[in-house]
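Protein chains in written order, with this note's numbering: chain A, 1 to 449; chain B, 1 to 298; chain C, 1 to 284.
Treat the hints as calculated values from the structure; they're not laboratory data.
We put the CB at the ideal spot given by N, CA and C, even for glycine.
It is possible that part of the hints are untrue.
Computed Cβ-Cβ distance ranges for the label pairs, DEER-style [as the list claims (entries may be wrong)]: (1) B:V83 / C:F26: 15 to 23 Å; (2) B:F52 / A:V148: 18 to 26 Å; (3) C:S116 / A:A65: 56 to 64 Å; (4) A:D228 / C:N73: 46 to 54 Å; (5) C:G141 / B:L19: 18 to 26 Å; (6) B:G284 / C:F19: 39 to 47 Å; (7) B:G284 / C:F14: 40 to 48 Å; (8) C:N61 / A:K394: 35 to 43 Å.
With a straight-line Cα cutoff of 30 Å, these simulated DSSO-like cross-link-like pairs (lysine-lysine) come out [said to hold, decoys possible]: (9) A:K394 / A:K135; (10) A:K432 / B:K158; (11) A:K283 / B:K143; (12) A:K120 / B:K50; (13) B:K69 / A:K448.
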Amino acid sequence: MKKTQKAISLLLSVLMAGSLGACGTGSQGSTSGSGTSEAKQEITISHYYIEEQRNQDADGDSFYAMLEKYQKAHPNVKITQTAMDQSDYATKIQAQAAVGEMPDVFLVKGSWFNNFVSNKLIAPLNEILDSYDKKDTYRDGIFDAATVDGKIYGLSTQFSVTSLVFYNAKMWKDIGYDKFPDNWNDIYAAIKKFNAKGITPIALGNKDKWPAESCILSALGDRYTGTDWTKSIIKKDGTAKFTDTSFVNALDQLQKLSKAKAFNADFNSIQNNPADEYYCSGKAATTIEGFWEIAYLTENATPDVLKNTKIAILPPVDGGKGSADSTSGGCGWFMGMSNALTGEKKKLVQDFLLSMYGYDYSEYVATEHGLPAPCNVKLDDVSKFPQLTQDYLKLMETTKLTPIYDIQMEGSVIETMNSGIQQLMNGSKDAKTVAAAIQTEQDKVAKKK
Amino acid sequence: MQNNSMTKPKSMTFVLYLLPSILLYTFIVFVPIVLAGYYGFFDWSGGVSKTFIGFQNYLGLFSDDEFKKSFVNNIYLTFLCIVGQIGLAFVFAAMLNSKLIKFKPFHRTMTYFPSILSAVVIGFIWNMIYDYNYGFLNTMLTKLGMSQYVQPWLNNEKMALTLVSIPLIWQFVGYYMIILMSSMAAIDPQIFEMAEIDGATGWKKARYITLPMIKNTLIVCVTLCIAGNMKVFDHIYVMTGGGPGDATNVMAMYAYKTSFVSYKMGYGSAMSIGILILSLIVIGSTRYVLTRLSREKE
Amino acid sequence: MENSISRPNKIGRFTLGFFGNLIILFFSVTCIFPAIWLFYSSLKTKAEFHADPVGLPQAFNFNSYVYIMTKTNMWIWMMNTIRNTVLSLVLILLIGFIVGYFLSRFSFLGRKTLYSYFLIGMLVPIHALMIPMYVLFNKTGIGDQWYTLLFPYVAFGLPIAVFLVESYMHNIPKEIEEAAAIDGSSFNRTLFSIVLPMCKPILVTVGIIQFFSVWNEFTFALILISKEALKTVPVGLTIFKGQYATDYPRMMTAMLISILPAVALYFAFSKQIIKGMVAGAVKG
Numbered sequence: 001m002k003k004t005q006k007a008i009s010l011l012l013s014v015l016m017a018g019s020l021g022a023c024g025t026g027s028q029g030s031t032s033g034s035g036t037s038e039a040k041q042e043i044t045i046s047h048y049y050i051e052e053q054r055n056q057d058a059d060g061d062s063f064y065a066m067l068e069k070y071q072k073a074h075p076n077v078k079i080t081q082t083a084m085d086q087s088d089y090a091t092k093i094q095a096q097a098a099v100g101e102m103p104d105v106f107l108v109k110g111s112w113f114n115n116f117v118s119n120k121l122i123a124p125l126n127e128i129l130d131s132y133d134k135k136d137t138y139r140d141g142i143f144d145a146a147t148v149d150g151k152i153y154g155l156s157t158q159f160s161v162t163s164l165v166f167y168n169a170k171m172w173k174d175i176g177y178d179k180f181p182d183n184w185n186d187i188y189a190a191i192k193k194f195n196a197k198g199i200t201p202i203a204l205g206n207k208d209k210w211p212a213e214s215c216i217l218s219a220l221g222d223r224y225t226g227t228d229w230t231k232s233i234i235k236k237d238g239t240a241k242f243t244d245t246s247f248v249n250a251l252d253q254l255q256k257l258s259k260a261k262a263f264n265a266d267f268n269s270i271q272n273n274p275a276d277e278y279y280c281s282g283k284a285a286t287t288i289e290g291f292w293e294i295a296y297l298t299e300n301a302t303p304d305v306l307k308n309t310k311i312a313i314l315p316p317v318d319g320g321k322g323s324a325d326s327t328s329g330g331c332g333w334f335m336g337m338s339n340a341l342t343g344e345k346k347k348l349v350q351d352f353l354l355s356m357y358g359y360d361y362s363e364y365v366a367t368e369h370g371l372p373a374p375c376n377v378k379l380d381d382v383s384k385f386p387q388l389t390q391d392y393l394k395l396m397e398t399t400k401l402t403p404i405y406d407i408q409m410e411g412s413v414i415e416t417m418n419s420g421i422q423q424l425m426n427g428s429k430d431a432k433t434v435a436a437a438i439q440t441e442q443d444k445v446a447k448k449k
Numbered sequence: 001m002q003n004n005s006m007t008k009p010k011s012m013t014f015v016l017y018l019l020p021s022i023l024l025y026t027f028i029v030f031v032p033i034v035l036a037g038y039y040g041f042f043d044w045s046g047g048v049s050k051t052f053i054g055f056q057n058y059l060g061l062f063s064d065d066e067f068k069k070s071f072v073n074n075i076y077l078t079f080l081c082i083v084g085q086i087g088l089a090f091v092f093a094a095m096l097n098s099k100l101i102k103f104k105p106f107h108r109t110m111t112y113f114p115s116i117l118s119a120v121v122i123g124f125i126w127n128m129i130y131d132y133n134y135g136f137l138n139t140m141l142t143k144l145g146m147s148q149y150v151q152p153w154l155n156n157e158k159m160a161l162t163l164v165s166i167p168l169i170w171q172f173v174g175y176y177m178i179i180l181m182s183s184m185a186a187i188d189p190q191i192f193e194m195a196e197i198d199g200a201t202g203w204k205k206a207r208y209i210t211l212p213m214i215k216n217t218l219i220v221c222v223t224l225c226i227a228g229n230m231k232v233f234d235h236i237y238v239m240t241g242g243g244p245g246d247a248t249n250v251m252a253m254y255a256y257k258t259s260f261v262s263y264k265m266g267y268g269s270a271m272s273i274g275i276l277i278l279s280l281i282v283i284g285s286t287r288y289v290l291t292r293l294s295r296e297k298e
Numbered sequence: 001m002e003n004s005i006s007r008p009n010k011i012g013r014f015t016l017g018f019f020g021n022l023i024i025l026f027f028s029v030t031c032i033f034p035a036i037w038l039f040y041s042s043l044k045t046k047a048e049f050h051a052d053p054v055g056l057p058q059a060f061n062f063n064s065y066v067y068i069m070t071k072t073n074m075w076i077w078m079m080n081t082i083r084n085t086v087l088s089l090v091l092i093l094l095i096g097f098i099v100g101y102f103l104s105r106f107s108f109l110g111r112k113t114l115y116s117y118f119l120i121g122m123l124v125p126i127h128a129l130m131i132p133m134y135v136l137f138n139k140t141g142i143g144d145q146w147y148t149l150l151f152p153y154v155a156f157g158l159p160i161a162v163f164l165v166e167s168y169m170h171n172i173p174k175e176i177e178e179a180a181a182i183d184g185s186s187f188n189r190t191l192f193s194i195v196l197p198m199c200k201p202i203l204v205t206v207g208i209i210q211f212f213s214v215w216n217e218f219t220f221a222l223i224l225i226s227k228e229a230l231k232t233v234p235v236g237l238t239i240f241k242g243q244y245a246t247d248y249p250r251m252m253t254a255m256l257i258s259i260l261p262a263v264a265l266y267f268a269f270s271k272q273i274i275k276g277m278v279a280g281a282v283k284g
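Work out the full structure: start from the sequences and follow the hints.
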């Protein structure tokens with residue numbers, strides 16, 4: 001009996017502690033002010049920048065830097081953030097969109113804009129952009145994915161290049177290549193040589209389904225189809241089809257690579273970062289990833305691997321319609337503003353948005369991280385940056401960008417494509433079957449519009 | 001069940017006690033189902049505007065190969081889990097009820113332990129077991145000289161679903177074992193003694209005494225097992241995300257992706273209703289068959 | 001009883017017992033080993049883990065613990081999780097007991113329908129119902145409050161509670177309540193001071209099952225809660241799974257911390273918990 005009483009009292013005390021904790025934390029949120037009687041203004045913002053990962057994430061670090069700067073200049077504005085992992089963020093914001101209650105400011109993926117605009121969830125930003133004195137500094141085409149019917153609905157948060165070949169120059173030299181090959185025959189020959197030495201030719205982690213499509217196929221596909229094809233698919237005008245020979249050939253190439261054992265055997269069951277470990281630790285000779293990999297490698301690769309890492313783009317293909325000096329890139333994520341705001345609050349949020357993602361942001365990204373940013377920033381001296389960063393900047397001077405598939409095409413089409421690619425690379429379906437499945441989904445979407 | 005005028009409270013008491021619970025339950029569980037049923041009639045890509053399209057979404061379920069495939073996957077998982085979870089649980093429970101097994105409290109505590117862990121933890125642990133380079137499985141195979149079997153396990157579309165079922169089975173064996181043990185404990189020990197005198201061995205005892213005596217509990221376990229597996233989501237989400245391709249796609253995963261990745265929320269809602277109805281059908285028919293079977297035997 | 005075994009069977013029984021013990025011991029060990037592995041891996045450095053994920057750590061490295069306890073809002077998440085769990089449990093047990101009792105003891109119009117109605121909750125695929133759920137909470141204004149999560153936790157905890165209590169009540173003789181009524185005990189008094197204590201074993205069972213499912217719950221907590229001050233442990237920990245997360249020891253530490261209170265409770269009370277489970281589990 002005594003034991004029971006003890007347990008009950010323990011239970012009660014825990015309960016009390018719990019509810020007290022609630023009161024404590026509940027009030028904590030609103031006491032961070034300066035104590036003046038002036039009514040505080042509040043801005044709510046939702047994003048996927050996790051503060052703990054700031055040192056590996058150039059975008060996230062720049063976001064927090066700008067936020068800190070704004071907070072310093074506007075101590076009376078309370079910024080309430082909701083931050084979570086990217087996939088959880090996508091789920092949550094879709095739920096909010098379903099009831100039409102958005103946070104004041106939120107991140108929007110390129111492929112969401114049509115939907116958000118037609119539901120009047122997001123406000124056009126032309127008003128603030130047109131009167132912005134540094135509007136001309138934004139790169140050409142950086143707002144493409146955020147433009148609906150000629151109006152811009154989000155400020156670019158990145159200059160993203162999703163397909164870059166990071167290769168270990170020393171390992172490639174060891175098998176007889178001074179630089180990354182400029183033709184596929186050499187690549188297939190190299191794959192054989194690497195495999196014979198027990199080295200993984202290319203590290204890939206495709207469990208989450210997007211890396212093979214976003215980082216390889218987006219660029220490889222363009223080599224075959226040319227950019228006009230992609231644009232037609234994005235517009236859903238019916239001219240271009242996934243069943244076109246050029247696209248099927250691209251899929252075929254991907255399957256051939258996989259069959260030739262170009263990738264680590266577990267490519268479909270690990271995520272991209274564990275796969276990068278193969279490269280970081282010198283077990284793989286190459287990895288094909290986006291620009292974010294630069295920060296990641298700098299933080300995680302062994303000094304020896306980092307020193308030997310060089311950057312290239314995929315080689316051209318025979319009879320391809322795409323240009324050889326291009327790779328997939330552009331802005332994938334934008335910061336948008338709720339359409340529900342009016343009057344004073346709207347003015348405040350507009351101002352906030354511009355202070356966050358105006359020229360200053362780009363300047364920070366460029367000068368702190370040495371990365372190309374949404375705005376063109378002239379860097380006089382790049383020598384203070386790591387060699388890898390300098391190489392990247394140099395490569396980007398001569399490289400044109402083509403659309404990133406998963407940023408611009410419809411979500412359901414991409415979902416079908418991504419699943420199909422896993423099967424394609426496993427060898428359980430052939431290129432034609434996969435292409436036909438993607439086209440079926442595209443037809444469904446096109447019919448609706 | 002017969003009414004007893006002495007203890008039966010006034011109808012007002014009934015209302016006072018039951019109504020709040022019914023209201024709460026209706027509000028949180030039933031209203032969303034009705035809402036989902038309603039959204040199922042719309043072409044809705046998220047956001048506030050929807051277009052009424054009648055039964056199109058619901059009819060679409062019948063011709064959706066991916067939905068059929070995921071339903072088949074659910075059935076396959078359910079089958080494996082019934083055999084694995086309840087089968088193993090029955091064997092272990094019978095063993096723990098016999099006098100041959102030592103350290104019974106220890107085993108009971110340990111086997112139930114995985115049931116208290118979250119799917120995230122379970123998924124993470126098993127991903128490490130199946131891992132190509134570091135995984136226990138491949139390490140063991142190599143050490144045992146069977147390195148020809150070493151492979152990236154979850155890459156294998158033919159095996160992935162079976163491999164994903166193993167953590168599910170492993171996690172809940174203890175849960176069903178405890179339920180079955182309590183049911184077995186209720187069997188009069190004299191029956192076993194008599195059987196032993198008649199020369200019945202362990203296996204025969206289990207087959208001809210224990211099994212019939214606890215059949216109702218078994219049916220309950222099977223029902224719980226089906227209910228759990230028809231809506232399974234978390235474990236698969238963590239381990240494979242439905243891949244490779246659609247090899248481990250299950251209905252709840254497909255509905256979730258339809259709503260949140262493909263932004264077809266009307267169709268996703270219709271699908272959730274479909275899942276509910278299919279679960280009811282599967283449970284209903286299984287119970288029917290099981291009850292019939294157990295009656296025929298007597 | 002051992003005496004009744006005939007001699008020729010003894011060797012057979014011994015081998016059976018030996019292998020039986022071996023098999024079940026093996027299974028028990030696999031059940032606990034992952035938790036142990038989680039624990040000692042959390043003490044490794046990142047490099048150590050990559051070099052050998054299964055091996056023991058060379059030195060105890062508490063960095064991950066210090067980081068999580070000081071650099072994150074772990075304490076707040078923990079408090080929220082404890083509050084949600086305890087309050088939900090109290091409500092589930094109370095409501096589950098009342099509904100289960102009424103459904104098993106009295107026959108009234110719609111009794112069977114009501115019983116099935118409560119059981120359907122076990123089949124609801126909540127991941128597919130998140131949108132309607134969010135709409136409901138948002139439109140009624142009960143989203144993102146300290147009490148928000150109690151609603152789904154209690155409502156979705158009810159089916160199993162009602163189911164178990166209802167079937168357990170069949171084992172309790174009605175005569176006890178009748179005797180109490182003759183002694184002049186009111187209905188309320190009988191219900192709470194006589195029937196409730198008799199249901200203790202099954203309520204323990206319900207409590208155990210629900211404790212761990214509420215403690216670990218992720219989906220509702222993600223969708224229905226936005227305020228940082230209200231986040232629970234499972235949702236809070238997603239900051240370790242972001243796209244740049246490869247620090248396995250830190251991730252494992254986070255997981256371990258998240259399950260630690262539950263695990264500690266489980267092993268501290270394992271005897272009572274299992275006893276409760278065995279006593280309370282369905283008797284067909």
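Verification of the supplied hints:
no. : hint                       : result
1   : B:V83 / C:F26: 15 to 23 Å  : holds, 19 Å
2   : B:F52 / A:V148: 18 to 26 Å : holds, 25 Å
3   : C:S116 / A:A65: 56 to 64 Å : holds, 58 Å
4   : A:D228 / C:N73: 46 to 54 Å : holds, 50 Å
5   : C:G141 / B:L19: 18 to 26 Å : holds, 22 Å
6   : B:G284 / C:F19: 39 to 47 Å : holds, 40 Å
7   : B:G284 / C:F14: 40 to 48 Å : holds, 47 Å
8   : C:N61 / A:K394: 35 to 43 Å : holds, 40 Å
9   : A:K394 / A:K135            : holds, 25 Å
10  : A:K432 / B:K158            : holds, 21 Å
11  : A:K283 / B:K143            : holds, 22 Å
12  : A:K120 / B:K50             : holds, 13 Å
13  : B:K69 / A:K448             : holds, 25 Å
Hint violations for this structure: none, all hints satisfied.
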